[in-house]
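*Asks:* Here is what each chain is made of, one letter per residue.
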Amino acid sequence: MKKALLVIMIIALAVSAFAMGAKEATGTAPAGAAPIKIGATWPLADITGKQGSMAAQQAVDEINAAGGVLGRKLELIVVDDELKADKGAAAIEKLVTVDNVDLLIGGMASGVALGQIPVMKKYAKVVISTGAASYKVEEGLGAEADWYFHLHPWDYNQGQSYADGWEAIQKKFGNVKIQKIFLAYEEGAFGKASFDASKTLFGGRYTFDGAPFKSAAFGGGDYASVLEAAKKYGPDLFLWAGYDADALPMLEQAKAMKFNPGIYLGAPPGWPADFGKSPLAENVMLYGMWAPSINGVSPASKKFYDGFMAKYNTEPATYFAPLSYSAVYIAADAIKRAGSTDTAALIKALAATNYASPLGQTITFTPSNIIKHQGVKNQKILQWQKGRQEVIWPFESATAAPVYPFPAWK
Amino acid sequence: MKLKSSYIVVAVLSVIAIAFPAFLGAYPLNVARSIMTYMALAISWDMLLRSGQISFGIAGLFGLGSYASALAVLRGGMDPMLSIVFAAAFAGVMAYALGFAILRLRSMYFSITTLALMEIFRIVMHNLHDFSGGPEGVVLPSVIFKGASPALYWLCLAGLFLTIGVSWFFEKSKMHLALTAIRNDETSARSSGVNIFNYLLIAFVITSVLQGMMGAIQVQSYGFTTPDTAFDANFTLLPLAMALLGGIHSTIGPMAGAVLLGVASEWLKLKIPYGHLVVYGIIIILVILFMPQGLFGLARKARRERSKAGASHE
Amino acid sequence: MANKRNAAIFAALIVAAVAGILVWRPTVIIYGLQAAGLYASIAIPMGLILGIVHIVNLAHGEFMMVAAYLTYMVCTALGIDPFVAMIPVALVTALVGFIVYKLTIRQALKAPELNQLILTFGLAISLTQLANLLFTSQTRKMSFGYVSASLSIGELSFGVYNFVFVAIAVLMVIGLRLFLTRTTAGKAALAVGQNPKGAAIVGIDVDKTYGLVFALATGMVGMMGAIFITRSSIFPAVGSPFTMKSFCLIAMAGIGNIPGILGASVLLGISENFLKAFRETRGWADIVFFVLIITVILGRSIKGKKA
Amino acid sequence: MSKLVTTGLTKAFSGLVAVNDVSFTMEEGEILGIIGPNGAGKTTFIHLVSGILMPSSGRVEFKGKDITYMPAHERSRLGIARTYQLIHPLENLKVIENVMIGAVFSRGKSLKEARRSAEAICAELGLERLERDTAQLSILEIKKMEIARALANEPEVLFLDEVMAGLNSDETLQLIATVKRIALERKMAVGVVEHVMGVIRELTQRVIVLEAGELIAEGPYETVSKNPRVIEAYLGGAA
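Chains as they are written, first to last, in my numbering: chain W, 1336 to 1745; chain E, 1009 to 1322; chain D, 50 to 356; chain Z, 1065 to 1303.
Please keep in mind that the hints were generated in silico from the structure rather than gathered at the bench. Please read these numbers as outputs of a predicted model, since none were measured by experiment.
Derived DEER-like restraints, expressed as beta-carbon distance ranges:
1) D:Phe212 to E:Val1132: 32 to 42 Å
2) W:Trp1744 to E:Leu1278: 46 to 56 Å
3) D:Gly252 to Z:Arg1180: 50 to 60 Å
So, partial list: chain W residues that the calculated Cβ filter (under 7 Å) puts toward chain D:
4) Ala1551
5) Ala1580
6) Gln1588
Okay, derived cross-link-like pairs now, DSS-like style, lysine-lysine, Cα gap no bigger than 30 Å in a straight line:
7) Z:Lys1176 to E:Lys1182
8) E:Lys1154 to W:Lys1419
9) E:Lys1154 to W:Lys1707
10) W:Lys1457 to E:Lys1154
11) Z:Lys1158 to D:Lys246
12) W:Lys1683 to E:Lys1154
13) W:Lys1372 to W:Lys1457
14) E:Lys1012 to E:Lys1180
15) E:Lys1154 to W:Lys1456
16) D:Lys151 to E:Lys1309
17) Z:Lys1158 to E:Lys1309
18) W:Lys1721 to W:Lys1566
19) E:Lys1279 to W:Lys1646
20) Z:Lys1158 to E:Lys1180
21) E:Lys1309 to Z:Lys1176
22) W:Lys1512 to W:Lys1566
23) W:Lys1460 to E:Lys1279
24) E:Lys1279 to W:Lys1456
25) Z:Lys1158 to E:Lys1012
26) W:Lys1745 to W:Lys1567
27) W:Lys1590 to D:Lys294
28) W:Lys1721 to W:Lys1590
29) W:Lys1534 to W:Lys1712
30) E:Lys1279 to W:Lys1457
All residues carry an ideal CB built from backbone N, CA and C; glycine is no exception.
For reference, chain W alone in the conformation it holds in the complex:
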């Protein structure tokens, strides 16, 4: 019994100690009466959600330092969705019914968004979503969901934009020739969606094939058989859709197998720390929405980047950081124009958004296949050059010309 009491006391102490620390870390609520509350959910144990929430807080602090919105301060309330649908749904219930937030932002995984949608529908609060690329999410939302503002491109938007991008690149740079495309995709939902979208978009214009692999993120990491299939196919453009854990090991195995495509391109949601430092990384291409090199062409990006570095002393590692930062600014701007946080007025104001974002492009909302308010529709094609991600396409935000072909293995 004594032991049991002891353990209970230890737990209580540990919890309260941690809780105190956490409170200090998140900071005190901004002074002044009745702040505008922004509720957010992200997977905080994942780098995407963690930095997303940090960037959103950065935006809130910047706006509050500049006097807030409508004379009121902004307050960001973040709840961890733990990458689980039920936790994500409960988080929305809490933000709406307990914290009484004025609008919702955030999101990363489609699997969590699917679980949150029924709850979001119930309250029909304004949502500015920073994640959820799967077309299944859009199907789940339906055409009626005019309160849902989706910043992140849908999977088919991404596919379409790559198809456009390669067309444009081939036109501008005569030496780049693409006929055969091979996609190695991780076998989960993310990779399978990429494959389905690419097949329909590339299928007509190019000869296209693909094969699945088990991502190192889930205990795989053996790419020999998929690379062998790719090598046999002999593509001009080799694409892989997986996770950051796959990036370098796949490259190393490709070298070991002397697999040498004209373009070697990866499309993970994020890249490993210091990928650029590897000698193999040179001239690997990638799909993405943002890279620090955009600072050179976009003042918004530079402002975001410098602010993030100053506040947290670490580099934003994924595009979820600038995307989440954008979500807060878009919300603040719309509230200012609407003159209130009333949902109907806010929807109207948001629909008229025109925001020069750190992504190096201006964000507006236009209809996509089903929903009315889709933000970003295009992705960027980038290339690792001398350890930095340089934007190749779209040309208006390009920071470098493509190096082609991908150098042969020594």
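Model the placement of chains E, D and Z on the given structure of chain W, informed by the hints.
*Replies:* The following block gives chains E, D and Z in isolation, referenced to the frame of chain W:
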């Protein structure tokens, strides 16, 4: 007299549980649903454990129930409520068929086999693209009861009540004698006329029905499922941890454990946004080290010590 | 007699099948063996703990993850190679393993096996999440030229580096065999594994032996973690899938049968890669693992009943 | 008709023959001693008759019915009960529940009826405070509980495998008297394995002697104990 007073306590608690939506908001009801789902899984796992068989396949039957229900609605146009019954029955039939092979196994080999079966179910659902939606899963046209919080809560509560009721029946009927005898000593049980295989099969099928049912309720309440959500290893590991922390071989133990871990996880997350799972893990370690018999086991021990002290006074 | 002849026919059939595949699809054998080496070298230390201390260590993969991060820090700070760093890292993880044993596992040894299972589950969560707090979920990978070592035979080019894991697995099996049969401590460990009470009666310090075996096994895991970073990216959750895989392999080999883990790994590695070699069966490669496990376990239970 | 008949009963464990070609009968109301040196196959023999093990060859008949390969739980329903050499209390059940299970599963009684008959049997054996945990029992009480559990099956044939081991002489005498009385009352055929020859002499009308799995002698204790082969077997075993 004692029995009667405990009946009254149970009745009062049930009424309170049923009346929760009257005085709780949507958020606590949502959290309660999560906890109740895990609680039902923990109790059902414990029911089979009373025979000594450790199943690692809870997530397998839970996921099978999820898919059976979702696909029955989506592909067969079945009524959602009916699909829950269908899914429970489907899980039961699968368990019955599989039981013939795997219930001859004991200890770790049984556990591993149930774990492997769960993985097989997951991979099959992952690969049957046209039928099950593949890795992206299935999205239902709408959530049951249009997502009204109280209705979803009561549906989940009904599943939990059924589970508790069956577990209580297991404790009070000859199932209790049969399963405990099998767990303590199979040879003795056999010479006392216990048909071991039959009782294991009954327990396995019934617990699978309950797990399949909870899976179906889950999928109808959230309106979608994917192989990774339906067969999430957490649906196996968390119920195990809950039952153990609360005290195994009882109904009340897993319930206490589910409340402890369920509330702790939600509360910690709000208090410690970054890193709450570290504390969660440490709580599990400390409870196992210092309360090896779980919360309820501790209470049971204390009661026994008191009665012993009383007996020596006489 | 009949048994021997059956075994001979069986062995001949396997050799013929392997030879057939080797000619038809040589890479199935090459990559199958490489995968088998990795599986086995991670599973063997867990098999040692399970065989002697009789604990299913759900934090097995997490120990490897901790060792991997340790190696990463040492290598980036000092600029040395993981193959050099693996020795100090193995020593440190062995020490960590010993401390973890003393502080937690030892306290739960007398409790039912389920308690030990959940205890190590708690350890696994804590270690993963601690790593997540310290390093975030962003993956890290160091680059080493030798990882891309390549061999070309005719038109076929393949990576040879991963054969390192085959060598490690074989060395582990031989080393453990020598340790368990030739040294006093090893013999004591074997005796404790077979019958702890009996061993205690003969005067063997069971607790000390458990501690030693646990430290030895975590040391081996530490070494594996160090070499693992040459092949794979590391992140907090990198270890957990290997825990389940190792557990399944051990069950397939039969508890206490350490050379059997090697055989089970080869069987799985080759079957998996066989399915991966064909377009139609590619997605089903994972299932082979679990189907084989169930078949072997059920087959053994039926055979056991007959005998 | 004989209650129990075995013909040529044989059990081999991967080459080692534990019971070899044993044929014997048990009649209603008789108490039969089964003796032999350690490792003679007495317990294996009971395992075969009660269905815990299946024989390699031979035949077991109960009241004329072939039960050679019948599972143990069905035999117990038919009326064959036994205790174990090593005690097998069901530690997570109370004393009364330990006794009840035979009545519930072999006789198909409801829990209430089973409790009543278990209480009656325990009273007969002098076992008290039935709501205790088995951990609180003395050795004598555990032995009594195991006999009570076997009796709750309401068997026609009962095997007691070294129930007297570990008891002092007073306790042994007390238990002998009880067993004898119950066997008579219920007209059971009882097979008793014992090492203490005094117990065999007191209790049994007839004994069979096993050595290395084979039946080497049969008859009343007085005659068998003078059989030179039996004496040699015991001396050989002792030496």
